[in-house]
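Line by line, the protein sequences give chains A and G.
The first sequence begins at 1 in my numbering and counts up by one.
The second sequence begins at 1001 in my numbering and counts up by one.
Keep in mind the hints are simulated off the structure, nothing from the lab.
Just to be clear, a hint being listed does not mean it is correct.
Claimed, not checked - Straight-line Cα separation of at most 27 Å, DSS-like style, residue types lysine-lysine; simulated pairs:
| no. | chain 1 | residue 1 | chain 2 | residue 2 |
| --- | --- | --- | --- | --- |
| 1 | G | Lys1193 | G | Lys1253 |
| 2 | G | Lys1169 | A | Lys11 |
| 3 | A | Lys9 | G | Lys1169 |
| 4 | A | Lys29 | A | Lys11 |
| 5 | A | Lys11 | A | Lys31 |
| 6 | G | Lys1207 | G | Lys1193 |
| 7 | A | Lys38 | G | Lys1169 |
| 8 | A | Lys11 | A | Lys38 |
| 9 | A | Lys21 | A | Lys38 |
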Amino acid sequence: MRQLYRPNKQKIIVFVLPSVKALHQGFSKYKLGLLPYKLDRIWHKLTYSGLGTAPIVVQSRQALIDAVLANPGAIGYVEDGTNIKDKYVIPIKN
Amino acid sequence: MLFQLKIKLAKTYFLAVVFSLLINEASVAQTTNHDSCIHGFIAQGLINVDGSDFVNNDGDLSAELTEVGLNGSYQLNSLFRLTSQVVYLDGGNRYDEGFRVDYALLDWSLYQAETWEVNVYLGRFKNNHWLYSGKRDVPFTRPSIILPQSIYFDGFRDIAVGADGAVLKISHSSDLLGDFDFNVSSGTTPISKEQTQILYSEQALGKMSNSHDVQTSLYWQPANSSWRFGLALLDADFGYEAQEQGDRFFETKMTFNELW
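Bound-form chain A, shown alone (with noise of 0.2 Å):
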């Protein structure tokens, strides 16, 4: 949560699946460097600090991509070879 806004000043949105589910853990884990946990302490401080606002939890995979392609400027994750149709699904690698 250290880049708000793109340079275009347009909101970044970001949608999270929740901590329970294995692809946001695989994401966290594998993508972040960081254990679930951890990344929850982190927004959970955000949120109960007042310094920021926690990523926005969806409950399921649908509905993170749904969310994503309904908000400009949104982001989330999805599973590696995932194919969202006329959409381009921008590559992670480490």
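The hints should help you fit chain G onto chain A, whose structure is shown.
Only chain G this time, still in chain A's reference frame:
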């Protein structure tokens, strides 16, 4: 759900069990307005402290371990955000039982770039200079049911948790060096009569005041590391205004300078 195992500490036994519930606003993918959100938490525990009046005077099992909070955030535009949090705490002898406004502030995003963020917080802000000071009442954000009292002394909680004034926060992220956070705050904290008596004793008839509280901190988290290093400085002035008749305490002025 957190379980605290029985810990022996200088003949004082703690047994505390806390049940906590985190409440989040439900998110709907179809909405396009994500300018506001509400969060909350409820925690209730049982605590038994043998050999100390840390929680209660009789040393019996106690339910005086309640932490409830509700906060809201509203993004006015790309520059300004309003946010506030109210908490209800019951910690027995540790601090005054009741509701308090934890923070109520205007977040002004002064400067935003890809790797820099500068914010000014105006109003009642939380003390974010220490590792757990900004979230000490939220049970799922701290590593233990009760924080180390050598640093996070609960008797001083209502004074140390924040102040009314302003904060400047500068954050920088570097792929090579890591994350840097610099904070400087200035404000004062209203101190109630109950808080005065927690610190002085019930025989204090006057009132404590905080006339000056300036803190600064610098934290560094190296890239790809779980470690975080920090330095915090504090300079604060307090006074005690004695009641004219019958007060056992004299008028005093105290200055605290601390380095963490």
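Now the hints, each set against the structure:
Between Lys1193 (chain G) and Lys1253 (chain G) the CA atoms are separated by roughly 17 Å; this keeps the pair inside 27 Å, and the hint holds. Simply put, Lys1169 (chain G) and Lys11 (chain A) have alpha-carbon atoms about 20 Å apart, close enough for the 27 Å limit, and the pair holds. A C-alpha spacing of about 20 Å is found between Lys9 (chain A) and Lys1169 (chain G), which places the hinted pair at or below 27 Å, so the restraint holds. This hinted pair checks out: Lys29 (chain A) and Lys11 (chain A) have alpha carbons roughly 26 Å apart, not beyond 27 Å.
Proposed proximity of Lys11 (chain A) and Lys31 (chain A) is supported: the alpha carbons are some 23 Å apart, at most 27 Å. Note on Lys1207 (chain G) and Lys1193 (chain G): the hinted pairing holds, with a Cα-Cα distance of about 6 Å set against a maximum of 27 Å. At most 27 Å may separate the alpha-carbon atoms for a hinted pair to count; Lys38 (chain A) and Lys1169 (chain G) meet this at roughly 22 Å. Taken as a hint, the Lys11 (chain A) and Lys38 (chain A) pair is honoured in the structure, with Cα atoms around 25 Å apart against an allowance of 27 Å.
With a C-alpha separation of about 15 Å, the suggested pairing of Lys21 (chain A) with Lys38 (chain A) holds against the 27 Å cut-off.
Hint compliance for this structure: every hint is met.
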